[in-house]
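There are 2 protein chains.
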Amino acid sequence: MPRTKGDHEARRRDVSEAVWRVLATRGFAGLTLRAVAAELSATTGLLTHYFPTKQALVAHALDILERRTMSRPRRHTGEGLTALRDALLDILPLTPEATDSNRIWVSSWDTALSEPDLSSDYARKYAAGRHRLRERVAAAQELGELPPGDPERIASAAQAFVLGLVVQSLFDPAAYPPERQVELLDDYLATLRPLSPA
Amino acid sequence: MPRTKGDHEARRRDVSEAVWRVLATRGFAGLTLRAVAAELSATTGLLTHYFPTKQALVAHALDILERRTMSRPRRHTGEGLTALRDALLDILPLTPEATDSNRIWVSSWDTALSEPDLSSDYARKYAAGRHRLRERVAAAQELGELPPGDPERIASAAQAFVLGLVVQSLFDPAAYPPERQVELLDDYLATLRPLSPA
Chain P
1 MPRTKGDHEA RRRDVSEAVW RVLATRGFAG LTLRAVAAEL SATTGLLTHY FPTKQALVAH
61 ALDILERRTM SRPRRHTGEG LTALRDALLD ILPLTPEATD SNRIWVSSWD TALSEPDLSS
121 DYARKYAAGR HRLRERVAAA QELGELPPGD PERIASAAQA FVLGLVVQSL FDPAAYPPER
181 QVELLDDYLA TLRPLSPA
Chain A
1 MPRTKGDHEA RRRDVSEAVW RVLATRGFAG LTLRAVAAEL SATTGLLTHY FPTKQALVAH
61 ALDILERRTM SRPRRHTGEG LTALRDALLD ILPLTPEATD SNRIWVSSWD TALSEPDLSS
121 DYARKYAAGR HRLRERVAAA QELGELPPGD PERIASAAQA FVLGLVVQSL FDPAAYPPER
181 QVELLDDYLA TLRPLSPA
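If you read the sequences in order, they're chains P and A.
Going by UniProt numbering, the residue at position 97 of the first sequence is 97; the numbering climbs one at a time, nothing skipped.
Going by UniProt numbering, the residue at position 103 of the second sequence is 103; the numbering climbs one at a time, nothing skipped.
You may find that some hints are simply not true.
[Unchecked claim] Output of the computed footprint for chain P on chain A, the stretches with three or more beta carbons under 8 Å from beta carbons of chain P:
hint: 1; region: 109-121
hint: 2; region: 163-171
[Unchecked claim] With a cut-off of at most 20 Å between alpha-carbon atoms, the simulated SDA-like pairs for lysine to any residue come out as follows:
hint: 3; chain 1: A; residue 1: 54; chain 2: P; residue 2: 34
hint: 4; chain 1: A; residue 1: 125; chain 2: A; residue 2: 115
hint: 5; chain 1: P; residue 1: 54; chain 2: A; residue 2: 32
hint: 6; chain 1: A; residue 1: 54; chain 2: A; residue 2: 117
hint: 7; chain 1: A; residue 1: 125; chain 2: A; residue 2: 58
hint: 8; chain 1: P; residue 1: 125; chain 2: A; residue 2: 175
hint: 9; chain 1: A; residue 1: 54; chain 2: A; residue 2: 119
hint: 10; chain 1: P; residue 1: 125; chain 2: A; residue 2: 177
hint: 11; chain 1: A; residue 1: 54; chain 2: P; residue 2: 33
hint: 12; chain 1: A; residue 1: 5; chain 2: A; residue 2: 51
hint: 13; chain 1: P; residue 1: 54; chain 2: P; residue 2: 35
hint: 14; chain 1: P; residue 1: 54; chain 2: P; residue 2: 24
hint: 15; chain 1: A; residue 1: 54; chain 2: P; residue 2: 32
hint: 16; chain 1: A; residue 1: 54; chain 2: P; residue 2: 26
hint: 17; chain 1: A; residue 1: 54; chain 2: A; residue 2: 21
hint: 18; chain 1: P; residue 1: 125; chain 2: A; residue 2: 172
hint: 19; chain 1: P; residue 1: 54; chain 2: A; residue 2: 30
hint: 20; chain 1: P; residue 1: 125; chain 2: A; residue 2: 173
hint: 21; chain 1: A; residue 1: 125; chain 2: P; residue 2: 175
hint: 22; chain 1: A; residue 1: 125; chain 2: P; residue 2: 174
hint: 23; chain 1: P; residue 1: 125; chain 2: P; residue 2: 66
hint: 24; chain 1: A; residue 1: 54; chain 2: P; residue 2: 114
hint: 25; chain 1: P; residue 1: 54; chain 2: A; residue 2: 54
hint: 26; chain 1: A; residue 1: 54; chain 2: A; residue 2: 20
hint: 27; chain 1: P; residue 1: 125; chain 2: P; residue 2: 86
hint: 28; chain 1: A; residue 1: 125; chain 2: P; residue 2: 172
hint: 29; chain 1: P; residue 1: 54; chain 2: A; residue 2: 114
hint: 30; chain 1: A; residue 1: 125; chain 2: P; residue 2: 173
hint: 31; chain 1: P; residue 1: 54; chain 2: A; residue 2: 35
hint: 32; chain 1: A; residue 1: 125; chain 2: P; residue 2: 177
Since the hints were derived computationally from the structure, they do not count as laboratory data.
As the structure is a prediction and not an experimental result, all values here were calculated from the model.
A virtual CB, placed ideally from N, CA and C, is assigned to each residue, including glycine.
Modelling step: build the complete structure from the supplied sequences, incorporating the hints.
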């Protein structure tokens, strides 16, 4: 039977899935053609067709990570402070899928910090994330749900807080189950709120 | 001339220094016998005497990281909230040395998350760090510098905040120079403080 374009694309999807599963269990440190081939029950030879070099494999892995992050479902439960909380909850490892993605993001930092171009790219991504948080902070301020203050600083701090919470939760899921993560985030957001007048 | 024990130890120190420099520039992803040998202007053959396997090299790297972290200088500028601030400042990449250490810690997370034993070991280290922060939180509460509340929760949140700030600062040192990091930390500590009575 002749191979169709559909076969080819299905095969590419299988390869991407296998790369993702290897990353989720072994990180970038364990990402090798051999590991992906084993995951696919394929030969390393077949894999070299898709990834002629280790760099091509890493580039593909970073690309999947980026695409999955962009297309992940997002919470939209309200405006203002609720929208800020939604955006921060979207980052945390509250589900198995979000745990895999976060584990792969954290794992990618080693590679990203070693390569100046990639490192700048990550810095731009985090700056864009802060920009989106800043807009929600400013909207919450307009609604009087957050006190006045530089929204950029509040966004930077909130981003730092959730990133650190991601790392803690990945290393110690028993100490940071989803409800604990949410509790800590809500404590954090509560400290930002103005006290109601006495 | 016969080799003395002193020669041997000096050589080991040189090797450790070279491992550290490779980690600081290339991370665990770039840690190879070849890279360490190049850094030392030695042969890979000499290095296999110290590190017969890649695992032995990684184990040594983790050991240096641990020892350097344990022996780093610590701030002791006061009690209570000041002592908590000191402990958090000690974590941040405010100097070139602290930047290298943090960059190597962050880089080690990829390896640590892939190996269950190492991952548990990291979870224990972070729990011990929280325990030390919790004692300072409790002392600040006794002095009336922090409001009552579960000191473990406040310590967890503060640890998450500084860890995330470390990551942001490593990726974007231009956006997070030392004074910005300190400013964000002080904003954070200010949100924890009880408001003075109106």
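Against the structure, the hints:
1. 109-121: n = 7 at 8 Å, threshold three: holds.
2. 163-171: n = 8 at 8 Å, threshold three: holds.
3. A:54 to P:34: holds (17 Å)
4. A:125 to A:115: holds (15 Å)
5. P:54 to A:32: holds (15 Å)
6. A:54 to A:117: The given pair, whose Cα atoms are some 18 Å apart, holds under the 20 Å limit.
7. A:125 to A:58: Distance of about 18 Å is within 20 Å: holds.
8. P:125 to A:175: Answer holds: residue 125 of chain P to residue 175 of chain A is near 13 Å, not above 20 Å.
9. A:54 to A:119: Satisfied, since the Cα-Cα distance of roughly 19 Å is no more than 20 Å.
10. P:125 to A:177: holds (18 Å)
11. A:54 to P:33: Between residue 54 of chain A and residue 33 of chain P the Cα gap is close to 18 Å, so the pair holds against 20 Å.
12. A:5 to A:51: Holds: residue 5 of chain A and residue 51 of chain A sit about 19 Å apart, inside 20 Å.
13. P:54 to P:35: Given pair residue 54 of chain P, residue 35 of chain P holds - Cα atoms ~12 Å apart, limit 20 Å.
14. P:54 to P:24: holds (18 Å)
15. A:54 to P:32: holds (15 Å)
16. A:54 to P:26: holds (16 Å)
17. A:54 to A:21: It holds: about 17 Å lies between the C-alpha atoms, which stays within 20 Å.
18. P:125 to A:172: holds (11 Å)
19. P:54 to A:30: holds (13 Å)
20. P:125 to A:173: holds (14 Å)
21. A:125 to P:175: Given pair residue 125 of chain A, residue 175 of chain P holds - Cα atoms ~13 Å apart, limit 20 Å.
22. A:125 to P:174: Measuring from Cα to Cα gives roughly 15 Å; hence the hint holds.
23. P:125 to P:66: Since the Cα atoms of residue 125 of chain P and residue 66 of chain P sit roughly 10 Å apart, the hinted pair holds (cutoff 20 Å).
24. A:54 to P:114: holds (19 Å)
25. P:54 to A:54: holds (18 Å)
26. A:54 to A:20: holds (15 Å)
27. P:125 to P:86: Roughly 19 Å separates the two Cα atoms, so the pair holds.
28. A:125 to P:172: Holds. Residue 125 of chain A to residue 172 of chain P sits at ~11 Å (cutoff 20 Å).
29. P:54 to A:114: holds (19 Å)
30. A:125 to P:173: Holds - the C-alpha atoms of residue 173 of chain P and residue 125 of chain A are around 14 Å apart, at most 20 Å.
31. P:54 to A:35: holds (18 Å)
32. A:125 to P:177: holds (18 Å)
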